[in-house]
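From just these sequences and the hints, can you work out the full model?
Protein sequences appear in the order of chains A and B.
Just so you know, we're using the numbering used here here: the first sequence kicks off at 1 and counts up by one.
Just so you know, we're using the numbering used here here: the second sequence kicks off at 428 and counts up by one.
Check the hints yourself; a few may be wrong.
[To be verified] No farther apart than 25 Å at their CA atoms in a straight line, the calculated lysine to aspartate or glutamate pairs in the DMTMM-like style are these: (1) 144(A) to 695(B); (2) 472(B) to 444(B); (3) 423(A) to 411(A); (4) 492(B) to 342(A); (5) 423(A) to 342(A); (6) 492(B) to 414(A); (7) 492(B) to 212(A); (8) 492(B) to 377(A); (9) 82(A) to 27(A); (10) 571(B) to 414(A); (11) 551(B) to 592(B); (12) 571(B) to 268(A); (13) 65(A) to 841(B); (14) 45(A) to 302(A); (15) 124(A) to 154(A); (16) 144(A) to 674(B); (17) 472(B) to 441(B); (18) 492(B) to 27(A); (19) 543(B) to 592(B).
[Said to hold, decoys possible] Chain A is nowhere near these chain B residues, computed Cβ spacing over 10 Å in every case: (20) 653; (21) 681; (22) 714.
[Said to hold, decoys possible] From the derived model, a few chain A residues whose C-beta atoms are all more than 10 Å from chain B: (23) 47; (24) 119; (25) 262; (26) 326.
Hint data in this document are derived by calculation from the structure and do not stem from the laboratory.
Keep in mind the model is a prediction, meaning the values are calculated, not measured.
Heads up, the beta-carbon is just placed ideally off N, CA and C, and yes, glycines get one too.
Number of protein chains: 2
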Amino acid sequence: MNLTPTLQDCELLDAQDPLRGLRNQFDLPPGVIYLDGNSLGVLPKTAPARVAHAVTHEWGTDLIKSWNTAGWFTLPQRVGDKIARVIGAQPGEVIAADSTSINLFKVLAAALHIAKADHPHKTKIVSERSNFPTDLYIAEALCKERGYTLQLVEADEIAAALQADVAVLMLTHVNYRTGAMHNMQTVTAQAHAQGILTVWDLAHSAGAVPVDLNGSGADFAVGCGYKYLNGGPGAPAFVWVHPQHTDRFWQPLAGWWGHAAPFAFTPDYQPAQGITRYQCGTQPILSLTAIDCGLDAFLAAEALGGMAALRQKSLALTGLFMQLVRTRLHGHGFGIATPVEEALRGSQVSLTRAEGAYAIVQALIARGVIGDFRAGDGGQHADILRFGFTPLYIGYADVWQAAEHLCQVMESGEWQDARFAQKNAVT
Amino acid sequence: MNLTPTLQDCELLDAQDPLRGLRNQFDLPPGVIYLDGNSLGVLPKTAPARVAHAVTHEWGTDLIKSWNTAGWFTLPQRVGDKIARVIGAQPGEVIAADSTSINLFKVLAAALHIAKADHPHKTKIVSERSNFPTDLYIAEALCKERGYTLQLVEADEIAAALQADVAVLMLTHVNYRTGAMHNMQTVTAQAHAQGILTVWDLAHSAGAVPVDLNGSGADFAVGCGYKYLNGGPGAPAFVWVHPQHTDRFWQPLAGWWGHAAPFAFTPDYQPAQGITRYQCGTQPILSLTAIDCGLDAFLAAEALGGMAALRQKSLALTGLFMQLVRTRLHGHGFGIATPVEEALRGSQVSLTRAEGAYAIVQALIARGVIGDFRAGDGGQHADILRFGFTPLYIGYADVWQAAEHLCQVMESGEWQDARFAQKNAVT
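Here you go:
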């Protein structure tokens with residue numbers, strides 16, 4: 001497509017898309033082009049009935065015996081096994097539990113234990129300044145507790161920062177602001193060459209891009225259940241630990257669900273073997289039931305080529321949107337923060353603009369095109385208009401329509417309407 | 428009632444019970460006498476429709492904007508405010524989030540920060556040997572990290588253990604095995620006299636017995652959402668901190684939801700003021716929606732005398748069951764582990780028996796009388812048959828029928844049937 005693609009071109013691409021049927025697994029609200037699956041994934045069609053069954057039958061009728069009969073007790077592992085298939089891990093290596101922040105605390109605390117034992121002279125955690133803030137906050141808190149220093153660098157300074165005094169490199173695989181993606185295998189090899197453990201946050205990768213935890217040599221990973229995995233609002237997150245590390249140390253959130261025999265009720269902690277020791281307390285079963293439904297869409301995608309096929313479509317969607325921005329929105333002041341090179345980008349496109357980014361997002365939302373806004377820092381990191389392209393349920397015509405709406409919003413000047421200036425608590 | 432109460436006596440008590448209408452707020456499975464609300468509370472009638480609305484409308488239709496329009500963002504505070512009314516706290520002092528184990532880690536870590544600053548020579552955490560094990564595991568992990576010693580004592584040794592080297596006294600208010608209750612005000616005063624901070628686990632108190640956090644002088648408290656609060660399986664737990672302590676230190680699970688401005692996305696952590704800093708990551712909204720329904724039953728109870736009236740009924744129910752065990756089950760080898768003195772007991776009755784406790788519980792379950800079994804340690808702490816009496820939905824005739832079934836199970840010898848010997852993963 002050297003010329004600017006037309007709506008008809010895009011409709012043809014949709015008709016030829018071997019993954020187009022996957023969209024039928026979700027309930028998409030009519031009249032909406034939802035480009036925010038990177039923030040909250042859409043509703044799987046199976047979720048309402050499954051959650052209702054969990055509420056009325058498993059909870060309401062069977063009550064406490066559902067821990068056994070409905071398999072509540074093993075749900076974190078069973079959901080974890082489904083997630084494992086999406087992120088290149090083996091069954092038994094992933095637990096679905098708690099929030100991403102809390103899981104990051106678990107693995108970072110464990111990584112520091114290992115680093116302290118193997119390399120007691122190391123004193124630093126390195127991360128990226130534009131990493132998702134909660135990751136930095138958790139690292140900052142642990143550094144305070146353990147006497148480490150958190151060194152924040154820009155993405156292009158990471159390689160140079162991997163010095164002998166670094167214990168852990170903690171990165172988010174796909175940047176939440178720009179959609180820029182690290183090469184997990186290359187960066188991990190660079191880190192390991194200096195005896196540095198790697199902790200990866202897959203919040204914007206799991207279900208969005210192929211991840212190969214087993215193949216990449218990564219040490220620890222966490223990720224989010226409610227974004228590309230379509231697990232529902234605040235769905236439990238997940239945690240993965242390389243099998244060579246799991247049994248070496250406790251993580252400090254050593255609750256009863258991570259005990260070797262939780263129902264023996266012994267007063268001293270004996271950690272379970274393997275990833276189970278990364279559990280802590282009882283998990284929210286209703287929310288775990290919903291994410292189980294979200295993951296089934298990925299199992300259905302496996303017969304159609306799985307994450308490799310989803311990746312191919314994702315790149316086509318993000319590439320198409322960038323092409324439309326370059327050609328149709330030329331002169332409207334937008335920059336593209338997302339890398340053009342395919343190997344360097346996730347499944348979103350982030351636009352920058354010197355002013356008006358928030359209002360433009362709001363004007364698009366008023367038209368049914370749902371993206372979101374992420375504030376910059378007033379300096380190096382600009383305000384961002386963020387558009388996620390989820391290949392499970394977004395089509396080429398959706399991309400074209402989104403760009404068309406953005407053109408109209410800019411050409412009409414409607415984004416300057418006062419009603420779009422007021423910021424909500426959460427956007 | 429000096430004579431053994433009859434079923435007719437109990438039916439009369441039910442007819443005269445001013446709280447009897449509260450049972451209609453719940454869906455109780457037919458043919459079941461549910462004496463396990465201390466483990467998993469029953470289904471509030473409003474929950475199926477509320478959760479379905481959260482799934483299909485808030486998530487499915489409104490998607491990301493529900494953070495504002497459905498109030499997801501403030502749900503941990505709003506649910507927390509409802510819990511506050513049940514535990515003697517003020518609005519704004521309680522957050523519903525995460526699991527009890529994780530919340531205990533937050534408050535115990537914060538308490539140790541305060542103790543270190545105020546009394547740097549203190550070296551111990553004291554707790555009860557028969558405290559719920561996850562509490563001990565979390566304390567054990569923190570002691571390892573911070574260089575403290577965890578000293579476990581029996582209940583009658585607590586007062587003597589409160590020496591000058593103790594930093595924190597961590598107790599579960601009502602013991603999960605025996606149902607024995609501490610006097611929070613007295614014990615807290617004893618602790619404070621030695622400069623010791625108190626951390627209370629209200630897992631078996633919140634919604635079961637009156638709790639007066641503000642009046643007792645307690646320093647920190649956590650509790651469970653899925654037991655007497657009827658929040659559904661794995662419902663989010665809660666955390667309370669005395670306002671004099673909240674702003675003194677961070678807790679180490681310093682995630683973005685505890686930040687003063689979570690959507691400013693600044694790389695450094697600035698804790699929110701007050702209890703909000705005890706939040707960490709995104710919460711499971713579907714499960715939070717369910718517990719919100721469970722709490723509404725307590726608001727309805729307020730017009731009928733609230734926790735004081737519920738307590739009066741609870742004591743009558745547990746007293747009745749103990750009376751029936753003493754009179755009708757005499758000679759069947761049961762002991763009563765729960766204190767006879769009303770001020771010392773929670774809302775459950777625990778029976779001991781030298782052998783067969785597990786099989787007897789299973790035989791009762793087969794008859795529709797749901798209690799549970801808690802293993803002893805083979806020594807001082809015997810196996811327990813545990814029966815929770817939730818005054819919101821259990822009546823006097825239920826108690827009589829439960830005792831009747833227990834008589835029949837023992838007199839027929841059916842508990843010795845082989846099918847009751849096999850233990851489930853979770854009981």
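Hint by hint, here is what the structure shows:
With a CA separation close to 13 Å, the supplied pair residue 144(A) and residue 695(B) stays within the 25 Å bound. Restraint check: the Cα-Cα separation between residue 472(B) and residue 444(B) comes to about 21 Å, which is no more than 25 Å; the hinted pair holds. The straight-line distance between the Cα atoms of residue 423(A) and residue 411(A) is roughly 23 Å, inside the 25 Å bound, and the hint therefore holds. Proximity of residue 492(B) to residue 342(A) is assessed by CA-CA distance (about 31 Å); at most 25 Å being required, the pair is judged violated.
With a CA separation close to 33 Å, the supplied pair residue 423(A) and residue 342(A) exceeds the 25 Å bound. A C-alpha spacing of about 21 Å is found between residue 492(B) and residue 414(A), which places the hinted pair at or below 25 Å, so the restraint holds. Distance check on the hinted pair: residue 492(B) and residue 212(A) sit about 33 Å apart at the alpha-carbon level, beyond 25 Å; violated. For the proposed pair residue 492(B) and residue 377(A), the alpha carbon gap of about 24 Å is at most 25 Å, so the pair holds.
Restraint check for residue 82(A) and residue 27(A): the C-alpha separation of about 21 Å stays at or below 25 Å, so the hint holds. Between the alpha carbons of residue 571(B) and residue 414(A) the distance comes to roughly 60 Å, so the proposed pair goes past 25 Å and is violated. With a C-alpha separation of about 6 Å, the suggested pairing of residue 551(B) with residue 592(B) holds against the 25 Å cut-off. Restraint check for residue 571(B) and residue 268(A): satisfied, since their Cα atoms lie roughly 13 Å apart, inside the 25 Å limit.
Note on residue 65(A) and residue 841(B): the hinted pairing holds, with a Cα-Cα distance of about 21 Å set against a maximum of 25 Å. For the given pair, residue 45(A) sits about 18 Å from residue 302(A) by alpha-carbon distance, which is consistent with the 25 Å threshold. For the proposed pair residue 124(A) and residue 154(A), the alpha carbon gap of about 16 Å is at most 25 Å, so the pair holds. A hinted pair counts as satisfied when its Cα atoms are at most 25 Å apart, and residue 144(A) with residue 674(B) qualifies at roughly 17 Å.
Note on residue 472(B) and residue 441(B): the hinted pairing holds, with a Cα-Cα distance of about 21 Å set against a maximum of 25 Å. A threshold of 25 Å between alpha carbons decides the hint, and for residue 492(B) with residue 27(A) the separation of about 16 Å falls inside it, so the pair holds. Distance check on the hinted pair: residue 543(B) and residue 592(B) sit about 12 Å apart at the alpha-carbon level, within 25 Å; holds. Its closest Cβ contact with chain A, about 7 Å, brings residue 653(B) to no more than 10 Å, contrary to its assignment away from the interface.
Residue placement check: residue 681(B) does not keep its beta carbon more than 10 Å from all beta carbons of chain A (closest about 4 Å). Chain A draws residue 714(B) into its interface by the beta-carbon criterion, the shortest separation being 3 Å against a cut-off of 10 Å. Its beta-carbon lying about 6 Å from the closest one in chain B, residue 47(A) breaks the requirement of being farther than 10 Å from that chain. The claim that residue 119(A) lies off the interface holds: its Cβ sits roughly 19 Å from the closest Cβ of chain B, which is beyond the 10 Å cut-off.
The non-interface label for residue 262(A) is inconsistent with chain B: the shortest C-beta to C-beta separation is roughly 8 Å, within 10 Å. The claim that residue 326(A) lies off the interface holds: its Cβ sits roughly 27 Å from the closest Cβ of chain B, which is beyond the 10 Å cut-off.
The earlier numbered hints that this structure contradicts are 4, 5, 7, 10, 20, 21, 22, 23, 25.
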